[in-house]
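The residues making up each chain are set out below.
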Amino acid sequence: MANLHPMTRRRLLVQGARLATVAGAAPVLAACSSGSSTSVSVSGGGKLSGQIVMVNYPDWIGAKEVTDFEKAYPGVTVKQVAEASGGNAAQAAQIAQNKGSFDMALAGINLATQLNEAGILQAFTSSSVPNLKGIPSSFRTAYPYGIPTDQGKVGIAYRKDLLPNPPKSWAAMFKMAPSISGKIVFSDYDVDIMAIALLSLGYSVNSTSSAQLQQAKTVLVDVKPHLKAFLDTDITKPMVQGSAVLTVCYDYDFATVSPSNPHIGWIEPAEGMPGYIEGWVPLAGSSKLAEVYAFMNYHLRPATYAGFIDNTGASYLLPDATPLITKSIRNNVALEFNASANVKYEELLPAATTKLRDEIWQEVQAA
Amino acid sequence: MSRRWLLTPGLLWTAAFFFAPLVLLVLYSFGQIDVITFQMSFGWTVSNYQQLASALYLNAALRSVALTVAATAGCALLGFPVAYTISRARGRAQTLLLVAVIAPFWISFVVRTFAWINLLSADGLVTWAFRMLGLVQAHGDLLYGQGAIAVGMLYNYLPLMILPIFVVLERIDPVLLDAAADIGLSSAATFRRVILPLAAPGIVAGCLLVGIPATGEYTIPAILGGGKVLMIGNIISDQFLQVGNYPLGSALAAALMAVLVVVLIVSRRRLASIEDVS
Chain A
75 MANLHPMTRR
85 RLLVQGARLA
95 TVAGAAPVLA
105 ACSSGSSTSV
115 SVSGGGKLSG
125 QIVMVNYPDW
135 IGAKEVTDFE
145 KAYPGVTVKQ
155 VAEASGGNAA
165 QAAQIAQNKG
175 SFDMALAGIN
185 LATQLNEAGI
195 LQAFTSSSVP
205 NLKGIPSSFR
215 TAYPYGIPTD
225 QGKVGIAYRK
235 DLLPNPPKSW
245 AAMFKMAPSI
255 SGKIVFSDYD
265 VDIMAIALLS
275 LGYSVNSTSS
285 AQLQQAKTVL
295 VDVKPHLKAF
305 LDTDITKPMV
315 QGSAVLTVCY
325 DYDFATVSPS
335 NPHIGWIEPA
345 EGMPGYIEGW
355 VPLAGSSKLA
365 EVYAFMNYHL
375 RPATYAGFID
385 NTGASYLLPD
395 ATPLITKSIR
405 NNVALEFNAS
415 ANVKYEELLP
425 AATTKLRDEI
435 WQEVQAA
Chain B
331 MSRRWLLTPG
341 LLWTAAFFFA
351 PLVLLVLYSF
361 GQIDVITFQM
371 SFGWTVSNYQ
381 QLASALYLNA
391 ALRSVALTVA
401 ATAGCALLGF
411 PVAYTISRAR
421 GRAQTLLLVA
431 VIAPFWISFV
441 VRTFAWINLL
451 SADGLVTWAF
461 RMLGLVQAHG
471 DLLYGQGAIA
481 VGMLYNYLPL
491 MILPIFVVLE
501 RIDPVLLDAA
511 ADIGLSSAAT
521 FRRVILPLAA
531 PGIVAGCLLV
541 GIPATGEYTI
551 PAILGGGKVL
561 MIGNIISDQF
571 LQVGNYPLGS
581 ALAAALMAVL
591 VVVLIVSRRR
601 LASIEDVS
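Chains A and B, in that order, are what the protein sequence lines are.
Be aware that the first sequence starts at 75, since it is given in the working numbering, and climbs by one per residue.
Be aware that the second sequence starts at 331, since it is given in the working numbering, and climbs by one per residue.
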């Protein structure tokens, strides 16, 4: 059962006054961003100043995005701080322990929900980011805490030459595992792997049912002897080298190797693809909210956004940017824009379920 | 000014950045946390320690101990001949050999471990050699499993075994070896009755230097284990970084530390007795 935590409103009154300032600037920002010419942006940029501190993955931004934004908004600078590696907990701790030091952050939907629950997010005013209208409403609804920037979908990559009859569903893949034993690589992200096991059984990726999770554990324990590895880096390398024939990985993992390896194919399993949306969120305690919204709006200009996608190779969410995005990305079967793709978005689950899933995952690893 | 005041900066540093975090760790191990909001509550519960008795954690601990013992024994077996060779070398040759042992430390531990992925992968040099011997199938590799972890631990910890053994071997007076020859001891008997007893303090020190960090090792299993081998260090890391369950992670870390402290104390006493005999 889906279990998205509702957005809390406990900070809304406190932030009201601050947001009112931003609301006043919103028409100016809208004017800045509605056109694509730099001159319009500069005219609005005169009211903005100071440094935005953004927590971000290293280089997870357009190659010239920051410099172009700083030119468009003289007086505003962007400092990027590397997001903690290790997982959601490490990233949440980094932001929570430095509350007030950062103005905005890149956050997957789970991390964003977690930060919101902890009162670390600034309430997001979508009207302050006019270019947000270019993102289809389904993505905006799924990511209410800021601007959605990209998504990741888990599917099946396989060697066409070594696996002529690949599975078309997660259930078929688990059934096939003994016949390709030792040549299967899974992602080392527990949430995704639990999700594909749940999907193969016909359950929701966000199941909180103990019985369903235990069934998923049985599926994973049964398949584990046939796995080569759970990997989080170079996940497709064994498949490229031929020591694996099937890899459960993200769309961008496939897209990275597919151009130079035409014998690698991609399958979107019938039950759907577990996925996430990530985006930029404003953080509580920021005194640069107007500048943050200006940066968000700038990010969603089609040309800027195309630069972001070209640099990151992520699955994109802004259809207007399609013609500007590198052909190898926009035509990639895993990354091409498809608002109706059967993606099952993973959500932050209650604490008890999170602990139970963690125990189950460790039991799978220890099995 | 008394000389004791010179200790103050070091003591303050140790208190602030070593003992205080340790105390915090132990305090956290008696608390509970909401893994969604990260709100800690200190009800002084021992439930985190009670969880350690579960089969999951005990098995992971046993696996860690088994791999540590194997890696330590392997390091001792491989390291002793190397240390002996270096101790017998003289002048520039000895310097070069020592640099060869120490040089890997100039490279990051993680980078060194990642290098083994290339060596053990399907296209890697080590895999190629095994394939030539018919021990690995076409397209096969040597990655991901307890074997790869053992290789990674042997490689990374070997210098920590070689250096203390080298130090004690270097101190052996050649007169003792001459005396052993004079009384007609064979090379094997000289090794067993003279060299090995005198080298014992170095071997014990090497075993401690290798065994203690190896027990809590999580980088090597994470990189070379392919996520299929769960060691106690990986569980601790997951609790802190992935789940955010600091109290359980703290309890695991505190328990592991307590066990290692006991091992260290016992080993120190054993080492002292060996040195007295020597």
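I should point out that these hints are in silico values taken from the structure, not numbers from a laboratory.
Just so it is clear, CB atoms sit at the ideal spot from N, CA and C, and this is done for glycine as well.
Accuracy of the hints is not assured; some may be wrong.
Claimed, not checked - With a straight-line Cα cutoff of 20 Å, these simulated DMTMM-like cross-link-like pairs (lysine to aspartate or glutamate) come out: (1) A:Lys173 <-> B:Asp364; (2) A:Lys429 <-> B:Asp364; (3) A:Lys153 <-> A:Asp142; (4) A:Lys249 <-> A:Asp296; (5) A:Lys291 <-> A:Asp133; (6) A:Lys153 <-> A:Asp133.
As the list claims (entries may be wrong) - Every beta carbon over 12 Å from chain B, so not counted as near; a handful from chain A, in silico: (7) Ser123; (8) Pro132; (9) Ala156; (10) Asn162; (11) Ala164; (12) Ala170; (13) Ala285; (14) Pro312; (15) Gly316; (16) Ser414.
As the list claims (entries may be wrong) - Okay, the calculated beta carbon distance ranges per label pair: (17) A:Lys145 <-> B:Trp374: 54 to 64 Å; (18) A:Gly174 <-> B:Phe435: 35 to 45 Å; (19) B:Ser384 <-> A:Pro210: 20 to 30 Å; (20) A:Leu236 <-> B:Ser516: 21 to 31 Å.
Hint-by-hint comparison with the structure:
| no. | hint | verdict |
| --- | --- | --- |
| 1 | A:Lys173 <-> B:Asp364 | holds (19 Å) |
| 2 | A:Lys429 <-> B:Asp364 | holds (10 Å) |
| 3 | A:Lys153 <-> A:Asp142 | holds (14 Å) |
| 4 | A:Lys249 <-> A:Asp296 | holds (10 Å) |
| 5 | A:Lys291 <-> A:Asp133 | violated (36 Å) |
| 6 | A:Lys153 <-> A:Asp133 | holds (12 Å) |
| 7 | Ser123 | holds (33 Å) |
| 8 | Pro132 | holds (16 Å) |
| 9 | Ala156 | holds (15 Å) |
| 10 | Asn162 | violated (7 Å) |
| 11 | Ala164 | violated (4 Å) |
| 12 | Ala170 | violated (6 Å) |
| 13 | Ala285 | holds (20 Å) |
| 14 | Pro312 | violated (7 Å) |
| 15 | Gly316 | violated (4 Å) |
| 16 | Ser414 | holds (32 Å) |
| 17 | A:Lys145 <-> B:Trp374: 54 to 64 Å | holds (57 Å) |
| 18 | A:Gly174 <-> B:Phe435: 35 to 45 Å | holds (40 Å) |
| 19 | B:Ser384 <-> A:Pro210: 20 to 30 Å | violated (46 Å) |
| 20 | A:Leu236 <-> B:Ser516: 21 to 31 Å | violated (58 Å) |
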